[in-house]
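From these two lone chains plus the hints, build me the complex, please.
Okay, here's what each chain looks like letter by letter:
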Amino acid sequence: MSTPVPVLSVRGLTKAYHDRPVLQGVDLDVAEHQVVVLIGASGSGKSTLLRCVDLLEDIDDGQILLDGRDISDPRIDADEARQAMGMVFQSFNLFPHMTALANVALAPRVVHGSSRRDAEDRGRELLDRVGLSSHAGAYPDKLSGGQQQRVAIARALAYEPRLLLLDEITSALDPELVGEVLTLVGELASTGRTIVMATHEMAFAREVADTVCFLDGGRIVESGSAADVLTNPREDRTRQFLQRFTGGR
Amino acid sequence: MTTAALDRVAYRQSRARRSTLIALVSTVVFAAVLLLAVTSSPGWPRVRESFFNLRIGWESLPALLEGLWLNVRVLVVCQVLILIFGLGLAAVRTLRGPVWFPLRALATGYVDLFRGLPLLICLYLVGFGLPGLRLSGLPNNPVLLGGLALVLIYSAYVAEVFRAGIESVHPSQLAAAKSLGLNHRRTMQLVVLPQATRRVTPALLNDFVALQKDCGLISVLGAVDAVRAAQISAATTYNFTPYVVAGLLFVALAIPSARLADWAAKRVATRQGAL
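Sequences listed follow chains B and C, in order. So the first sequence is numbered by the numbering used here: it starts at 1 and just counts up by one. So the second sequence is numbered by the numbering used here: it starts at 1001 and just counts up by one.
Derived by calculation from the structure, the hints in this document are not laboratory data. No false leads were mixed into what you were given.
Below are the DSBU-like pairs computed for lysine-lysine, each with C-alpha atoms no more than 30 Å apart in a straight line: (1) B:K142 / C:K1266; (2) C:K1213 / C:K1266; (3) C:K1178 / B:K142.
Isolated chain C, as found in the complex (with noise of 0.2 Å):
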């Protein structure tokens, strides 16, 4: 290397470490003044023993723990009904002809229904109204029903994000496969689909983090997850640190879809920068 290059990677490295070393002294202070600011608040001893008390927190640990095991199993066999439930709206409103417009005119419908209704309340009218229907076979666990309503709404969300998916496919990919002989079903399925999938990765996962959380909603049937685990406890302790605890467990739970989604989108731009 010559010198002037030499030069540049010794200035270029100097400058980095100045750049990591305000960056540290920055979080340090920061982080400083905000515990000083909370701790020296005047409710701070009191607040510090309803919400952030350990040894409550340590023995609430295993029921949350419990909790949360319900939420995940919820969670996995809601994701996977979705998916399916969800990208097979998007493929009825892709239809087309006159035969399928009754289909096509109940899968809009559904959509525009569902993402309008707020989720608490179709929770109720579900968990609360199906059962009093009082009709035989139909389910009165409210897992079940919980579950129900997070296919309900989340099916209608994630319909939408295929939609938006199948129709970024730009008309040349479906130029190819007509001029090959494909028919619609065929092109949707072998060209369309695939590449739609791939891209709304980023945005699915973006909508399962958000969907993990809301599996804590399911509490409000009676289910025992890790949100009415928190509220039984805290019924018992007359303390708020086991609500505290419930909701660390759910942050850590989404971090690691937080960076899967990340890693997903980032594959995606890469992929695509390629094309």
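So here's chain B without its partners, still in its complex pose (with noise of 0.2 Å):
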């Protein structure tokens, strides 16, 4: 048996901002139904490193491979490139000026070309499974944040995407709030999600992850089973980081 393709591999990706060099050489590969989770110091790549996944932003050097496919070769289109991919942001992002519903109906309507009425039944369907059933005609403005972030969950579940990329979902919440939105997402984990997700939450980590990778300086310093990353690390790196962590508790 040949090894399956894997649904994400990154290749030496190298991105700066201006002068400042922000991933210094990437790699990773994500196979199917796994989660990968990334920790590290704000400022340490995670964010960049999913927003150049999901084509946010222009990368500098290396090669992002989409079941196989460079998706990031300038000549393919990179409108449809993020369709296969879903994305949750920190500050949530949702479309101010439509309904939880219309945000979720969104892009089946528009994107992959399901009928309203298809759109909206199955955008129910997700507002459902996210515990909001009954806001499915609320503005965000009228949600809690946890609520806005659940949305924005089914917001990019909705066309069924490859992929999902969480950018540190719950760092914007209330403490109190942060539980609702990680417990959804380790739903999610079990049954089959591949997901790429940057967090501080160390316990979540340790609880759903079949990778950890922990950035440093724009690179990928030790990754491994979240039992060996977050209980032994081999890196001094690591272990300063992961103390500053759990040093106070």
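Written as structure tokens, this is what we have:
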């Protein structure tokens, strides 16, 4: 049996903002049904990595392969490539002029050619799954942060993306709202979604991650199973980072 | 309620009554002084006769109202055209890609030209220049030509207002739309423009209050609007009162729009505060 092609394959990814290097040669493979958690200090490049994968940033060097196809090739249609990925942002980024349901139904209707009715039926189903069926008609400004983020997750799931990218999706939430969002992500992970997520929630990473990658200075310094990286890190820098995180508790 | 609370309420009420009384007295005194200053001036009797002649004002009113009705119709048609044209110009200026360069350059040049050109000069050039070409099919109706000049100038302003609105939509909204696989056109149409137009509504309404009075300038082309009607009746009565009446009519027309603009601004502010 040949080894299956990874869903996502990042090769030597390099990215600088002006003269400041942010990613300096990142390699990452994500197999189907895998949950990869990116950890690291602010500014270590986690968010930039996710944004590059979703083609929201131009990259300087390297390749990004989605199901074996090079989507970082400037000749391909980036809009079409993004349709295979779903992204959830730290600050939700819901469309404020649309109801929760309209946010969720937008991409299936406009991009994937579903009829309005099909898109809305599917949208209701998803809102139900994230526990917000009674808020379908609510505008984002009437929802709590945790509710908004769950709508954003439903929106990213609405077109069955191959890969889900979660960019510090609990960092902007009040502590008591973090749980509801993480529970939902845990459910998605257990149903076999392929997920790459950047997070500061170490306990959650330990629970759901198949692979944990520690980023520092734009490089993946250490990666391995959650138990290895979070409990017995090989690298000093990983140890120092984790100590700063758990030291106070 | 506790006595402390009752005491606070009573104190605040007495302060509020005092403030109202002071405002009232000061307004009355101010108005009286102003009135006295004007009416005691040496030229007042003649000014009153030539600018505030009630009989002439009343007699000129039907003609003025008929003229104003023309202004209102021009206003409504122009407003719609300006909105469409201005939005189109703003959207063209956001297009990316080398194919669109000529359109983009044209839109930029258009806005630069018509935002800088004085309305009166534009009115003369369009109103007298276009018919002068003697092309068949071109209208020579002063109302149509005047309306055209208004649309040309105001579209340039409104396009810039829309563009400011488009640029005020946060990049994170664009990132979200892109991440869903929406292309540039869909992103503009479904995500950016709806938010941009809501935000610029107060500024647009303000521009339309300005347009309301500038509609009176089509009179220079000979259209018999309220201003022209006032001119005619002033010339027959040797009295300026019709101008005063026409001016008051324009003010009366502007007040509802101004209140609407205030209301829209407040609504946008509260909605954005909630975001």
